[in-house]
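Student: Listed below are the residues making up each chain.
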Amino acid sequence: MAAGPQGAKGGEAVFSFAVALLGSYFAVSALMLNRDTGLFGGLIGLVLAVLATVNGVQSLRRRPVVADPEDAAQTGRITPGLAWTILYFVLALAVGLQWATGIWTAIFLYRSRVSPWFLIGLPLVLVALIEIVLLRGMGVPLFPGLLLGGVLPRLL
Amino acid sequence: MIVDALQEILRWEVAALILLGSGIGYVFGLLPGLSGVTALALLSPLGLFIDPNISFYLFASILGASVFSGAVPAILLRIPGTPYSIVTMFDGYPMAQQGRALEALTVSAIASMVGGLASILFFAALAPVARAGVLLFGSAETFWLVTWAILTIPALAGKSIIKGMCSAFLGAALALIGRSIVTGEFRFTLGTYYLGGGLAIIPFLAIGVFAMSTVYPMMAGNSASVSRFQGAMDWRQIGRGIRGTLAAPFALLRSSAIGTVVGAIPGLGGVTASFAAYASERALSRHPASFGRGAVRGLLAPEAANNAVAGGALLPTLLLGIPGSLEWALIIGIFQMNGIQPGPLLFTDHPGTVWGIILGLTLSTVLASSIGLIAAVPLSRLATIRFAYIVPVILPMCFVGAFLVNQNILDVGIALIGGILGYALMRYGFELLPFALGFILVPIMEATFYQTLQIGFGGISGFLASPVSVALAVLCVVTMGATPWLRRRLS
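Respectively, the protein sequence lines represent chains A and B. Numbering of the first sequence is given in our numbering, commencing with residue 1 and proceeding in unit increments. Numbering of the second sequence is given in our numbering, commencing with residue 1 and proceeding in unit increments.
For the record, the hints were derived by calculation from the structure and aren't laboratory data. A quick note: this is a predicted structure, and the numbers were derived from the prediction, not measured. Do not take every clue at face value.
To be verified - Below, in silico cross-link-like pairs of lysine to any residue (SDA-like), each with a Cα-Cα straight-line distance of 25 Å or less:
| id | chain 1 | residue 1 | chain 2 | residue 2 |
| --- | --- | --- | --- | --- |
| 1 | B | 159 | A | 58 |
| 2 | B | 159 | A | 11 |
| 3 | B | 159 | B | 389 |
| 4 | B | 159 | B | 393 |
| 5 | B | 159 | A | 29 |
| 6 | B | 159 | A | 18 |
| 7 | B | 159 | A | 34 |
| 8 | B | 159 | A | 14 |
| 9 | B | 159 | B | 429 |
| 10 | B | 159 | A | 28 |
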């Protein structure tokens, strides 16, 4: 009945997303700080959030998934439909937040007017490369994240 | 300088520290679930109370002795005392089952001694030459070196690149909490006064992430029920062990060389060295089928290799300031507490420390191997102690150690949180070495980044101002590109 490999029970995904949130906290907090105080923490938080999200998604995909809803109810496992709904929701939120943070970091750094091409390029290139290469490599569509990433900065 | 260090070890305090460290390292290597890392983490607060000029003898001795002693329960009881001893079981335990336990212990002791001493000699010979080279290191070169370490080592350590990098960046992020070393402003403190000082290395990293994370899983289980080894001293077996080991000098040297090289590459560690040496000897053997059935070469290869790792790891740790293993990450933390920064300038600023570490490691390797051999049979019973008796001893030690550093009760809370974090990291397959690497190296990376930026008047010119920094920048790009290939080769 089990369609996926046995073992992980979702704890790793929860831990990974908690780490991703911590990374996002660092990235967002960095925006409130002076550039020199917040630059390293912001960039590291950004990359941490991306990496932890990717790991969380990977661990969700490794999670035992059963096709039969009754079996799922009995064993406490998840059906593919529910699993993918949660996955897309979390992905859209996490990726969107990270793109938003990346764009806002870039604007923030641009306004500080010190070595703009170097400092602006770095977070965007990092975020774009890691997310596009890794997530596309995993076969995950990036549209929800890109959409939210485009919308959130305007809302903020 | 080596003469000064030799004179130093004649002092009774230093001799006592080496003896104490060797004893503690030996016992922690034997005890199930514990290792040299736990011993170093628990005793790290002592680094603040013992004279910093001699405290490293204690820590180097713990490290040197714990690697060897892990082999004793692996051979006698099929319980690897440390992760490094897993390969030792392949041929060590079959030898013990064949009634050749003391022969196996002798082979292990001599191979450990040769491996350890060969790698330390290699470092001691290379150090004066390398010293001239490392003096070329300025802020830009250090920045690139640290960047290389943070980007490539986590990718090599463990089963998953993403988890390795995640672990390193998590450590890096947590290291940035507190007052900025560039501007002096507070950051990421959640508005609390306590976090303004940052997460201290001893309560959070050493005692929390390393020591308490080991204790938590012990609370949930008990040690495996194994029968106690019964044996007596048999000098004929010891003689056979000595002859068997010395009959394979090239195997000893090959395995020592593998261990030294693997140790010099941060992130790979003793387990990789043991497997590589074992596989190499098996491939070169005329009787590969005898491996796994009590072959002397199958035992001496991993033992020589995993003991050579400690000496090999001296190279990145002391010369470059990049911890070669978990144990060295902790020792670097203890150095930093005492205002000593391992790295290119250590040889000029603290030459006595370098030679003291070399001598401490050498003496503890010899002590653990020789005295440990005689006491191995009675002491091996320690490996059968139930966790229920270990936890009540270790846990209060963690609390006291965390409190002692700043005499602040909040540090105990931070150690508890660090323990939960360390346990979660281990539980979900995140390596601890990249975490420690990020935690220790990112503040250096940040400081050198801003120093270099100032040198280049706010631009990137300072980052590529010298041939060494250009070479290191290229190294970063090349090794990052080659990491997937390297991982495939290593696996």
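Student: Indicate, hint by hint, whether the structure satisfies it.
Tutor: Status of each hint after checking the structure:
no.	hint	in the structure
1	159/B - 58/A	14 Å, holds
2	159/B - 11/A	18 Å, holds
3	159/B - 389/B	33 Å, violated
4	159/B - 393/B	33 Å, violated
5	159/B - 29/A	32 Å, violated
6	159/B - 18/A	21 Å, holds
7	159/B - 34/A	38 Å, violated
8	159/B - 14/A	20 Å, holds
9	159/B - 429/B	8 Å, holds
10	159/B - 28/A	31 Å, violated
Violated hints for the displayed structure, listed by number in ascending order: 3, 4, 5, 7, 10.
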